[in-house]
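Asker: Chains as they are written, first to last, in the working numbering: chain S, 1 to 402; chain A, 1 to 404.
If you're looking for bench data, these hints aren't it; they were derived computationally from the structure.
Here are some chain A residues pointing at chain S (derived, C-beta under 10 Å):
hint, residue
1, 52
2, 54
3, 66
4, 139
5, 171
6, 182
7, 218
8, 225
9, 227
10, 240
11, 321
12, 334
Just so you know, even glycine gets a beta-carbon here, dropped at the ideal spot from N, CA and C.
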Amino acid sequence: MSITTEATSLLPGYRVLDLSSSMGAFCGKLLRDLGMDVIKVEPPGGDSGRNEPPFAKGHFHREGSLRFAYLNAGKRSITLDITKEAGRKLLLELVARSDIVLETFEPGYLGKHNLGYETLVEKNNKLILVSLTGFGQDGPYANYKAPDIVGNAMGALLYISGDPTMTPCNPPETQSYYYASLFAAYGAMLSLWQRETRGIGAWIDASVQASMALHEHVAFNYSAEGRVMKRAGSQHQHNAPANLFQCKNGWIALFVTQNHWPILLKVWDGHDPALDDPKWINSNLRRANADYINAQVTSFTSRFMKEDLAELMQKNGIPGLPVNSPSDFMRDPHIQARGFFSAVTHPVLGSFLQPGNCFMVDGKRTGPSPAPLVGQHNREIFHSELGLEKSEMESLVANGII
Amino acid sequence: MSNTHEILKGVRILSFTTGYAGPYAGRLLASYGAEVIKIESRKGGLDTFRHYGQHKDIDAAPRFVECNLGVRSMAINLKHPIGTRLIKELAGKSDAVLQNFRPRVLDKLGLGDDELRRANPKLVIVKLPGFGTEGPKSSYGTWGFNLTAFSGITYLWNHPEQDRPIGSQGVYPDHLGFVMGPTLVVAALLNSRRTGRGVTVDLAQIEGTAAVLGATYLETSVNGDDPQPKGNHYGWAAPHGCYRCQGEDRWCVISVRTEDEWQNFCNVMGCTTLLNDERFINLQLRLKYRAQLDAIVQDWTQGRTAEEIMTQCQRAGVPASVVQTGADLLRDVQLRHRNYFASFEDSLIGPFEIPRSGFLFKGMTEGPLNLPNRFGSDNSQILGEILGYDKATIAQWQDEEVLT
Numbered sequence: 001m002s003i004t005t006e007a008t009s010l011l012p013g014y015r016v017l018d019l020s021s022s023m024g025a026f027c028g029k030l031l032r033d034l035g036m037d038v039i040k041v042e043p044p045g046g047d048s049g050r051n052e053p054p055f056a057k058g059h060f061h062r063e064g065s066l067r068f069a070y071l072n073a074g075k076r077s078i079t080l081d082i083t084k085e086a087g088r089k090l091l092l093e094l095v096a097r098s099d100i101v102l103e104t105f106e107p108g109y110l111g112k113h114n115l116g117y118e119t120l121v122e123k124n125n126k127l128i129l130v131s132l133t134g135f136g137q138d139g140p141y142a143n144y145k146a147p148d149i150v151g152n153a154m155g156a157l158l159y160i161s162g163d164p165t166m167t168p169c170n171p172p173e174t175q176s177y178y179y180a181s182l183f184a185a186y187g188a189m190l191s192l193w194q195r196e197t198r199g200i201g202a203w204i205d206a207s208v209q210a211s212m213a214l215h216e217h218v219a220f221n222y223s224a225e226g227r228v229m230k231r232a233g234s235q236h237q238h239n240a241p242a243n244l245f246q247c248k249n250g251w252i253a254l255f256v257t258q259n260h261w262p263i264l265l266k267v268w269d270g271h272d273p274a275l276d277d278p279k280w281i282n283s284n285l286r287r288a289n290a291d292y293i294n295a296q297v298t299s300f301t302s303r304f305m306k307e308d309l310a311e312l313m314q315k316n317g318i319p320g321l322p323v324n325s326p327s328d329f330m331r332d333p334h335i336q337a338r339g340f341f342s343a344v345t346h347p348v349l350g351s352f353l354q355p356g357n358c359f360m361v362d363g364k365r366t367g368p369s370p371a372p373l374v375g376q377h378n379r380e381i382f383h384s385e386l387g388l389e390k391s392e393m394e395s396l397v398a399n400g401i402i
Numbered sequence: 001m002s003n004t005h006e007i008l009k010g011v012r013i014l015s016f017t018t019g020y021a022g023p024y025a026g027r028l029l030a031s032y033g034a035e036v037i038k039i040e041s042r043k044g045g046l047d048t049f050r051h052y053g054q055h056k057d058i059d060a061a062p063r064f065v066e067c068n069l070g071v072r073s074m075a076i077n078l079k080h081p082i083g084t085r086l087i088k089e090l091a092g093k094s095d096a097v098l099q100n101f102r103p104r105v106l107d108k109l110g111l112g113d114d115e116l117r118r119a120n121p122k123l124v125i126v127k128l129p130g131f132g133t134e135g136p137k138s139s140y141g142t143w144g145f146n147l148t149a150f151s152g153i154t155y156l157w158n159h160p161e162q163d164r165p166i167g168s169q170g171v172y173p174d175h176l177g178f179v180m181g182p183t184l185v186v187a188a189l190l191n192s193r194r195t196g197r198g199v200t201v202d203l204a205q206i207e208g209t210a211a212v213l214g215a216t217y218l219e220t221s222v223n224g225d226d227p228q229p230k231g232n233h234y235g236w237a238a239p240h241g242c243y244r245c246q247g248e249d250r251w252c253v254i255s256v257r258t259e260d261e262w263q264n265f266c267n268v269m270g271c272t273t274l275l276n277d278e279r280f281i282n283l284q285l286r287l288k289y290r291a292q293l294d295a296i297v298q299d300w301t302q303g304r305t306a307e308e309i310m311t312q313c314q315r316a317g318v319p320a321s322v323v324q325t326g327a328d329l330l331r332d333v334q335l336r337h338r339n340y341f342a343s344f345e346d347s348l349i350g351p352f353e354i355p356r357s358g359f360l361f362k363g364m365t366e367g368p369l370n371l372p373n374r375f376g377s378d379n380s381q382i383l384g385e386i387l388g389y390d391k392a393t394i395a396q397w398q399d400e401e402v403l404t
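Next up, chain A with everything else stripped away, as it sits in the complex (with noise of 0.2 Å):
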């Protein structure tokens, strides 16, 4: 059976990141086999993530661990005429630059798009600006965060009787480039394959983030509606939310639409009198009432377990489900069932499982997921294999401060 981790072979990718989508990006490239080479340097161009945690070593740090699997890592002082030099070397030799600095760094380090490709005209170009090259503000400084704000997700992300918007803790449009970034650079390639010219793509990550909020911008371009939080409403099913659940923290989600769902519901919860309650009779008047409804329905869930509920409708056909928790997620049969986490037995941040990938190759065995390589540990291999540098030549450059 052939293995996931052939796929990407033979495919070299210089990756400039730092953070979260840009590494994780890489990651992803890397899971399927790709040579993902990951150029840092200590003068002034570490990954930020190397510095998150309680560690002192810069490759113990859990976040960059785990946005940085199956990475390689190569030391390079980009202030160097001489590292500069080889990073075009190393161009020539690559069929993908990855980045997402701010616009302009790599220009002003006479890396920027035309130098690169005048060593390599093949080579792929793949950005994650926050704002994008171009435009007023295109030299904010963005994070997941603010770029969920400033998007419009952070304002409907809500309970509408909340009284200020909350959104999310997290930093969702991270997520969303870490996944469109490999996408893209893997249409690129192909596309360079093709006419045997490199292209450069240029994901603004504000507007990959507003490409999950399309059809609310079009409530506002068509309708002229200012749209507002709806929580977990939704104009398409009744009951429809999420519900508490016995035991402490613990909740469910239910969803009914269909005809057959709502009366598959009512056998479940035991009270068929509300087929004939002329409040409930389509899915229109359980929209109407649906707070009178979502009282019975918690009133049902508060006594049961989350997991009881999540069997028994799902059984009877009805959508519902418990609210996981990352302990849940460890134990879910199901991910278990995809073999969904890579296990490492042994690490500089100890043992650990991690997820792997949204999806499964039919047929194929999974890849190995590698820890990343400690920082310049693939400098002389690289320097040495790929553009042919003798010892001697590397360990003067070490010397000089080009390879830090």
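Looking at chain S on its own, in the form it has when it is part of the complex (with noise of 0.2 Å):
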């Protein structure tokens, strides 16, 4: 196994301009991961979210979002007012120079500015626009405001997620805005699929809500059995014991299926014989009676430190796995040892461990990259590229444009 800061792309040569917020960031980050030249367009003064918490310490600016960080790694990053016309103008430059719009500003707004499908594609007529947005480009609900929050609610993972006495519980970080970025992602490679095969463009209407209606079967349950789904804790709904268990340092998460069941009994000693009546092989009986099968096998993992545990259950083909801390997962042997992490140098917020692709190509992974300041390659894109004078960039920017 190795690790390589050497691009092992998949899709070199695409170009992406990147106009999304924090919305479809993740979006163009999966894009970049890829191996495409990802162009993040910010207005001057730079993207929304470089305001976004959580922040380096001591850096409470527009290069401190570790958010921002994460979510644009890899990028190159110009600024353009794309409101006015000396920067719409520039705009459709790139556009004819690229081969994926991504987007993420309120239905109607990019045509509003007289740079809506229409325009785009009399620029480039095979482009791929990528618009992602809380609820779908119309509809009752298009112009609905959907920060994660509400993207989670009206797909229903908030309603199933958390202790049943308590208020549903919002998932960490921005959750739906990653999953629907995965959708957009998806959308985007079928599109460009299309494109080789056939010649064509496309428009991908890709929607927060929809992407998070699909989960955990929560419509489809209800459809087809008529069974509204609600918050159960950490219990899975067709199993046990499927939970999470206390051990002396944390709590471990067990899944035991009919045929894990016999084994976990061999392995623990001094069980209540009556666990042994075979009729306890039966997941739905377990099930059924899970507070009785819950509190017994706590009594039974209580005696170990988690991560032996797991250990243990793993041995005899149970999988268990504790539940770590990001610190405990981070520090994992497994984890290290296939180079996940790896250092990367921000210019402004210095030399830190960061993910790399999550996946890899015959082998190899592609270690992470800094993201990039605010205009960090205005010059090398509108200078280098696009051949803009000297005195046209300085008159931009002294114009706002830049």
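Two chains, two frames, a set of hints: combine them into the complex.
Answerer: Here it is, written out as structure tokens:
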């Protein structure tokens, strides 16, 4: 196994203009991880995502957002006011030299600035426009605002998340944005395939709500079985023991199926002989008596350290894993051996560990790159590539265009 | 108008998958027209989801149907030498292999990457093993549920006042894998189309999961912090949270970030005096006094329906919504507007509706979503028309338990 910082690019040579805010930033990152040249087009002053917590300590400024640093790793950055005519023209020049435009403006915003799909296609007839919004480009909720928590709420993941006695609990970070970005990236891939095989462009209308609403069989369960899924804490809906169990130094996640149950009893010294009754092999019965089963299992798990118990379980073929804190995860020997994290040097924040690509190509992983500073690549792109003279650039800066 | 089912037309994918992530990845490829052939065997190689539910018919488990829509089915005994030979021949006529078995299961059957690629140098292989192909714990058994725990997501997915971790009853990592998987398949196909050589892409589901916790890991590595659960609190908006509404277990969410949103929200609540309240005059202060603010908001929401709160707030430009249930999804006017649900009048599991996809292709019609083909029902067609075997040979293999 080897980790390479040399890009094992699947898709070099493609260019993406990433006009998205934090809603679509992870889509742009995935396209970058696939090897594309991703140019983040920020308004002068910087993308709003640069204001989003968490921040690096002592860096409460536009280069200090760690969310931004992660979601925009490896992209290039230019600044451009696309609402002004000179900025609009420059954007269209870049559109002509790009394959994909990614955007998360409210529906109609680009059209209002004379940059709608038809206008973009005039510049580039095979263009792929990937639009990601809370609810889609049209329909009764199209203009509704959708911060992350609204995406999780309208997609029904929030309702089933958390302890049944408490308020529904939003997942950490901004999961509805991450998740919708995955779908947007899949839409981009399909569009690219269509373009390469049939020579046509496409407009992807991705929705955060629609991406979330297929989670956990919630809609399907209701439609097929008339069952409304509810919050159930950590208890899996079909199985027991399938929950988190207390250990000496934390918790373990156990998932014990019909096949695993007899093995668990074998490993479990001193279990109540009542559990040897063959009726308990039936998962449905164990699930129906989950409170009893879970209490019994806790008497066993609480004798162990979580890591030791996980190892014992896995040795016996039972899929147990410890409940890690983020730093436990980063320290785990398996994750370290795989080189998931490696060091980057950010021009302002210094050196630190950052996740590389989450996939490997022919056994090689592309390591992480730092996020760009605001407008870091203005000169490279406007001058070297589009051929703007120094004086032209200065006048654009003076007029607040770049 | 062209049809989304034509996009991957002509792409053939062999699917060695079981459970949720792998099969659903196949479904998402089939939804856009790929010919996805799922290979299973009664000789110890059935998809585990075929046994979920009360039904004895292995084609009638609701979970299986959900995850395998549009997928063709072959029964081939991979422990029989003719079975593995047929797979290699099929690999020669296919574009990609998708698999989520534990590492080296296929290698041990003589169907490792090299063997498959000998039959087809352009073959793309995408693997979704839980802990990856390499590394000290690569043989570990994993499920979406315990991968969530291992990544740190379970630890953080909780209210700060809760005295034990909760996380989720679900399998979030599977959802991540089944969208990343097909994305990587198409990316690798584009790559092999250009280079004339197939690649192997290995997506460890644990790393796919960790990819959606990146900002948190940076808090650890840059700041040396050990981030703790925040529940519904978010450091860039206040009020921001989930509030009880009228009705049993009915909730709404509200998220107010900008000054405009704050003014509009106070207007909607009919509490314009709050605008002059010194505790709340900017976001920093609203974050500081968020407990008091939440109490005021909760007081207002509990006498109203979640639906009226969503409508009133959103009309005023304030982000808010119903916390929808499964029943709400099926009657959601926005999802209906997008023709989001594929509808099946008749199936082995009765009538049902099911979500299609997170995105639409503008200006194209949605391709059909089909039921999974019955176990083994594509054997004759595929062996006959794709590999060119005659009926007598196929019948003989049936008797010799190659095709079972």
